[in-house]
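Asker: Given chain S's structure and the hints, the job is docking chain H with the ligands onto it.
So the chains spell out like this:
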Amino acid sequence: MPFAQSAGKRPPITWACDQILCNRDQYRPPSGRRAPPSLPATGPYLLRMAREPVLSFTDRGIYCAAGDFHIDPWRPVDRAIVTHAHSDHARSGMRRYLATPRTIAAMRHRLGPIAAEPLPHGEARRIGGATVSLHPAGHVPGSAQVRVEVGGEVWVVSGDYKTVPDGLSEPFEPVPCHAFISECTFGLPVFRWAPEAEIRADLNRWWAECAASGRTALVGAYSLGKAQRILAALDPSVGPILTHGAVEAMTEVLRGEGLALPATEHLVPGMTAKTHPGAILVAPPSALGSPWARRFGPVSDAFASGWMRLRGIRRRRAVDRGFVMSDHADWEGLTTAIRATGAERVFVTHGYTAPFRRWLEDQGYDAGIVTTDWQGDEAEETEVTE
Amino acid sequence: MERFAQLFSALDATTRTGEKTAALAAYFREAPEPDRLWTVALLSGRRPKRAVTATRLAEWAADRAGLPGWLFDESYAVTGDLAETIALILPPAGAPQARSLSDWIGLILTLSAQAEPERRAAVLAAWDALDGTERFLFNKLITGGFRMGVARGLMVRALAQATGIEEPDLAHRLMGDWTPERTTWAGLILTNDPGADLTRPYPFCLAHPLEAEPATLGDPSDWAADWKWDGIRGQAVLRGGRFSLWSRGEDLVTDRFPELAELADRLPQGTVVDGEILAFRDGRPLPFAALQTRIGRKTVTKKQLAEAPVVLMAYDLLEAEGRDLRGEPFDTRRAGLEALAAAMPGGTPFRLSPLIPFADWPALAAARAGAAGEAAEGVMVKRRGSPYHTGRKRGDWWKWKLDPMSFDAVMVYAQAGHGRRANLYTDFTFALWDGDVLVPVTKAYSGLTDAEFNEITAWVRRHTLERFGPVRRVAPDLVFEIAFEGIQESSRHKSGIALRFPRMARWRRDKPAAEADTIDTARDLLRARGP
Ligand SMILES: [Zn+2]
Ligand SMILES: [Zn+2]
Numbered sequence: 001m002p003f004a005q006s007a008g009k010r011p012p013i014t015w016a017c018d019q020i021l022c023n024r025d026q027y028r029p030p031s032g033r034r035a036p037p038s039l040p041a042t043g044p045y046l047l048r049m050a051r052e053p054v055l056s057f058t059d060r061g062i063y064c065a066a067g068d069f070h071i072d073p074w075r076p077v078d079r080a081i082v083t084h085a086h087s088d089h090a091r092s093g094m095r096r097y098l099a100t101p102r103t104i105a106a107m108r109h110r111l112g113p114i115a116a117e118p119l120p121h122g123e124a125r126r127i128g129g130a131t132v133s134l135h136p137a138g139h140v141p142g143s144a145q146v147r148v149e150v151g152g153e154v155w156v157v158s159g160d161y162k163t164v165p166d167g168l169s170e171p172f173e174p175v176p177c178h179a180f181i182s183e184c185t186f187g188l189p190v191f192r193w194a195p196e197a198e199i200r201a202d203l204n205r206w207w208a209e210c211a212a213s214g215r216t217a218l219v220g221a222y223s224l225g226k227a228q229r230i231l232a233a234l235d236p237s238v239g240p241i242l243t244h245g246a247v248e249a250m251t252e253v254l255r256g257e258g259l260a261l262p263a264t265e266h267l268v269p270g271m272t273a274k275t276h277p278g279a280i281l282v283a284p285p286s287a288l289g290s291p292w293a294r295r296f297g298p299v300s301d302a303f304a305s306g307w308m309r310l311r312g313i314r315r316r317r318a319v320d321r322g323f324v325m326s327d328h329a330d331w332e333g334l335t336t337a338i339r340a341t342g343a344e345r346v347f348v349t350h351g352y353t354a355p356f357r358r359w360l361e362d363q364g365y366d367a368g369i370v371t372t373d374w375q376g377d378e379a380e381e382t383e384v385t386e
Numbered sequence: 001m002e003r004f005a006q007l008f009s010a011l012d013a014t015t016r017t018g019e020k021t022a023a024l025a026a027y028f029r030e031a032p033e034p035d036r037l038w039t040v041a042l043l044s045g046r047r048p049k050r051a052v053t054a055t056r057l058a059e060w061a062a063d064r065a066g067l068p069g070w071l072f073d074e075s076y077a078v079t080g081d082l083a084e085t086i087a088l089i090l091p092p093a094g095a096p097q098a099r100s101l102s103d104w105i106g107l108i109l110t111l112s113a114q115a116e117p118e119r120r121a122a123v124l125a126a127w128d129a130l131d132g133t134e135r136f137l138f139n140k141l142i143t144g145g146f147r148m149g150v151a152r153g154l155m156v157r158a159l160a161q162a163t164g165i166e167e168p169d170l171a172h173r174l175m176g177d178w179t180p181e182r183t184t185w186a187g188l189i190l191t192n193d194p195g196a197d198l199t200r201p202y203p204f205c206l207a208h209p210l211e212a213e214p215a216t217l218g219d220p221s222d223w224a225a226d227w228k229w230d231g232i233r234g235q236a237v238l239r240g241g242r243f244s245l246w247s248r249g250e251d252l253v254t255d256r257f258p259e260l261a262e263l264a265d266r267l268p269q270g271t272v273v274d275g276e277i278l279a280f281r282d283g284r285p286l287p288f289a290a291l292q293t294r295i296g297r298k299t300v301t302k303k304q305l306a307e308a309p310v311v312l313m314a315y316d317l318l319e320a321e322g323r324d325l326r327g328e329p330f331d332t333r334r335a336g337l338e339a340l341a342a343a344m345p346g347g348t349p350f351r352l353s354p355l356i357p358f359a360d361w362p363a364l365a366a367a368r369a370g371a372a373g374e375a376a377e378g379v380m381v382k383r384r385g386s387p388y389h390t391g392r393k394r395g396d397w398w399k400w401k402l403d404p405m406s407f408d409a410v411m412v413y414a415q416a417g418h419g420r421r422a423n424l425y426t427d428f429t430f431a432l433w434d435g436d437v438l439v440p441v442t443k444a445y446s447g448l449t450d451a452e453f454n455e456i457t458a459w460v461r462r463h464t465l466e467r468f469g470p471v472r473r474v475a476p477d478l479v480f481e482i483a484f485e486g487i488q489e490s491s492r493h494k495s496g497i498a499l500r501f502p503r504m505a506r507w508r509r510d511k512p513a514a515e516a517d518t519i520d521t522a523r524d525l526l527r528a529r530g531p
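Note that the protein sequences, when read in sequence, are chains S and H. For the first sequence, position 50 (counting from the first letter as 1) is numbered 50 according to this note's numbering, and the numbering increases by one without interruption. For the second sequence, position 245 (counting from the first letter as 1) is numbered 245 according to this note's numbering, and the numbering increases by one without interruption.
One chain only, chain S, in its complex shape:
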């Protein structure tokens, strides 16, 4: 099965030139929708076009031949660089891992003891013939884009990302590059997110309404990232904040990594709406509608995901409230982020790849689709499984 599909009928980009002189002063992020992307530079240097691509797409994951490592591989490899600790990106069975300290902490919590080397955001590390650095992706705390430079040519793997600050994750930083491998979970213009402040206000208003009407608020959120984002959004003056075990454990891990989060109480048997009136429960999506939730008393349930933007999916989830809150970039976020890299070559994966690739091509990019085994945590989030 082919894992990398080339960019359709367009002839492949010419990599024939031997040397191109790049100069940082000449680099300006292109503005305007139709502006052709310009070549980025990270300093005045001689850029030697590699005969082999910096990264290639294999049936184990994205591979860097110069450094002999994989990025977010889905089958066991020797050395894995991991963008973030969501289960579709961070898998067990690699001989050694390289990731940000927060991602390693979350991975150890999920995968047990692993051999992992921390690489903080922004620090460069030489691996074989490649220089690797991790840059904030704004997806979840600790998440990173992976920048790989070989012989002056720069490729960036976005991992999952969002461009708007959520008040918790290290904010997304555009990284200039020649080739950008971008997720596009929400790569259609119907997806547009409201500002974080608005979402927070909605969430707290709903909680207050629930409390006033004698119902416990129950919000379903993926235990790494979304759950802490919700905790950070809650106004503790409304009532007590209770957590499901899976959320509590991951939150503890992240507190240990220096995240400031409001006080929570782990929900244990015996706690009910009577002992904790006006409470909000934060739980993995699988807990919605479960006996676990019913035990507590009458609840009003809510679900937070980018998919809640679509009425059909809101109705399928059949929760009382759907909050449009995503840890992935919306349409505007994706297009802005890609423009800001200045890359002329873009590979898309994870989501509405076909229309998004076509749109990029219309904008003058050399765009291709990469098939990966990353399932998309948002996709899982709409379902009952975690």
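For the record, the hints were derived by calculation from the structure and aren't laboratory data. Treat the hints with care, since some could be wrong.
To be verified - If we take Cβ atoms under 8 Å as the criterion, some of the chain H residues that face chain S in the derived model are:
| no. | residue |
| --- | --- |
| 1 | THR15 |
| 2 | ALA65 |
| 3 | LEU67 |
| 4 | GLY69 |
| 5 | LEU71 |
| 6 | VAL78 |
| 7 | GLU84 |
| 8 | LEU88 |
| 9 | ILE89 |
| 10 | HIS418 |
| 11 | ARG421 |
| 12 | ASN423 |
| 13 | ASP427 |
| 14 | GLY447 |
| 15 | ASP450 |
Unchecked claim - The following residues of chain S were derived to be distant from chain H, with all beta-carbon distances above 12 Å:
| no. | residue |
| --- | --- |
| 16 | ALA208 |
| 17 | SER237 |
| 18 | ALA318 |
Unchecked claim - Far from chain S by the CB rule (all over 12 Å, computed), these chain H residues:
| no. | residue |
| --- | --- |
| 19 | THR53 |
| 20 | ASP81 |
| 21 | GLU167 |
| 22 | ARG266 |
| 23 | GLY435 |
| 24 | ARG467 |
| 25 | ARG509 |
| 26 | GLU515 |
The C-beta atom is built at its ideal place from N, Cα and C for all residues, glycine as well.
Answerer: Showing chain H with the ligands alone in chain S's frame:
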């Protein structure tokens, strides 16, 4: 519109009938009267006519959002809803306005008389004045395709709660030919005298499906049975020289079936008959497909009249000599209907739906097994002593349909769903073996649980052999039991057969693809149960 959007969201967010009713009743108490009236109209299918074509709306919206047409179409394919796509891709409202539902509808009603540039300007201004759900609802109203997913009975119950008027009385008041433009809340709901309207039909009595053994109904002599016809439920009303024919969707369909106008001369004045509009030729009902050629056409051609002439297959008498008979027992109404039919000259497009004699339940079961031979879907079982109820009341009218047919077929293509299932593969094509070749026979997209759709979606991603746009050809490995209500020959399908209401009854994880059924299974069913 904000209050209406709030109602809509509340109805949309719950599947609990009690909550829906409470939300509606509150609305009927609180909203301004013109808005209440329009809401009743919308919920009973009285929608403003489409004011702008879908194509224009899509163009204007894509243009406003600065997107190419194909990208609009891709988005539409995911939401599955034009109104929603437009609402979502447009930039946030620049000049929000708070206007009432009836105010916006008033604006929509003026649109069709305007020239296109003015119409476009008005629509763009509205888009810039509305956000979120309100913009979505405006689009729904303008495209003429508004549905709120509230059953009629539920609306009537909410109205009853809000006004204190009895449900059957309210249901009757809401029947017939009215529009919010020609009446008021008080005129329609509060002071309405249903008897004053010559064309007004009665609310239809609806049956529940019989899931249990018929023996649970008790003594068979308390029950009457007739065929369950596969046509359009209709009511013929003749009062004061005016003949009107109503379909169950509460559409006045008098003009669509001109051959039934003859009944105006044949029925006595003050008569209302309940029955089935059926395509009928050479002494036998034609398949539903024949009637389908007549639905949705305002004018009927000579050819259609010759190929698919209709009759009224009568099964109940609701009014005789101007008297409402609905409170009388079924047997009494039936006697009246039989007398009426006996007096009818031959050749009149009026037939008496015959009662099926049965001494015991096994005898009725045997008759039901032969329903296909009568071009019927099964049998109706009605309590002899029962009145003609308003709406769907459990206990007196039962429909006992034939068991669906089924075969085991192999999944060969998959396509992502839209709307509720935008991120899942849910639309599949299934094939049967013809020798060692798989011949696609049907599509199906319902019948599985969400968990199963999730599992299949993950499987499809890993077992795609080829892509054609949104369609993926998948490895022919998965077998499903496909259930369907009808089967007939079709020259439009490569397999030569077409199914009615196909759905996935079961995922046959136990069956390898090689053991799926062959096309001969389908042909045998066609012979046994086809029209
Ligand atoms: Zn992720
Ligand atoms: Zn992911």
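Asker: With reference to the structure, classify each hint as holding or not holding.
Answerer: The hints, checked one at a time:
1. Hint on H:THR15 holds. Least Cβ distance to chain S is approximately 6 Å, under the 8 Å limit.
2. At its closest, the beta carbon of H:ALA65 sits 7 Å from a beta carbon of chain S; the interface hint therefore holds under the 8 Å criterion.
3. At a threshold of 8 Å, the smallest CB-CB gap from H:LEU67 to chain S is about 6 Å, leaving the interface hint in force.
4. Hint status for H:GLY69 relative to chain S: violated, with the closest Cβ pair at about 12 Å, above 8 Å.
5. With a least beta-carbon distance of about 6 Å to chain S, the hint placing H:LEU71 at the interface is held under the 8 Å criterion.
6. Checking H:VAL78 against chain S: minimum C-beta separation of about 6 Å stays under 8 Å; hint holds.
7. The interface hint given for H:GLU84 is met, as the beta carbon of that residue sits about 6 Å from the closest beta carbon of chain S, less than 8 Å.
8. Interface restraint check for H:LEU88: the shortest CB-CB distance to chain S comes to about 4 Å, inside 8 Å, so the restraint holds.
9. Interface hint status for H:ILE89: upheld, as the beta-carbon distance to the closest one in chain S is roughly 5 Å, under 8 Å.
10. Hint on H:HIS418 holds. Least Cβ distance to chain S is approximately 7 Å, under the 8 Å limit.
11. Hint status for H:ARG421 relative to chain S: holds, with the closest Cβ pair at about 7 Å, below 8 Å.
12. Restraint check, H:ASN423 versus chain S: the minimum CB separation of about 6 Å is within 8 Å; hint holds.
13. For H:ASP427, the suggested interface contact is broken, since its CB lies about 14 Å from the closest CB of chain S, more than 8 Å.
14. Contact between H:GLY447 and chain S, as hinted, is not supported at the beta carbon level, the nearest pair being about 15 Å apart and thus beyond 8 Å.
15. With its C-beta approaching chain S no nearer than about 7 Å, H:ASP450 sits inside the 8 Å limit, and its interface hint holds.
16. Consistency note on S:ALA208: stated as away from chain H, and its beta-carbon is indeed over 12 Å from all of that chain's, at 17 Å minimum.
17. With a least beta-carbon separation of about 26 Å from chain H, S:SER237 lies farther than 12 Å from that chain, consistent with its non-interface assignment.
18. Listed as outside the interface, S:ALA318 is inconsistent with that label: its C-beta sits roughly 6 Å from the nearest C-beta of chain H, within the 12 Å cut-off.
19. Every CB of chain S is more than 12 Å from the CB of H:THR53 (nearest about 21 Å), matching its label as outside the interface.
20. For H:ASP81, the condition that its CB be more than 12 Å from all CB atoms of chain S is violated, with the nearest at approximately 7 Å.
21. Remark: the non-interface label on H:GLU167 is consistent with the geometry, its nearest Cβ contact in chain S lying 28 Å away (cut-off 12 Å).
22. With a closest Cβ-Cβ approach of about 48 Å to chain S, H:ARG266 is found to remain outside the 12 Å limit, as its non-interface label requires.
23. With 12 Å as the threshold on Cβ separation, the claim that H:GLY435 sits away from chain S holds: the shortest Cβ distance comes to roughly 28 Å.
24. A beta-carbon of chain S comes within 12 Å of the beta-carbon of H:ARG467; the shortest separation is about 8 Å.
25. With a cut of 12 Å on Cβ distances, H:ARG509 stays outside the contact zone with chain S, its closest approach being about 18 Å.
26. The beta carbon of H:GLU515 sits about 27 Å from the closest Cβ of chain S, which is more than 12 Å, so the claim that it is off the interface holds.
Consistency note: the structure conflicts with the earlier hints numbered 4, 13, 14, 18, 20 and 24.
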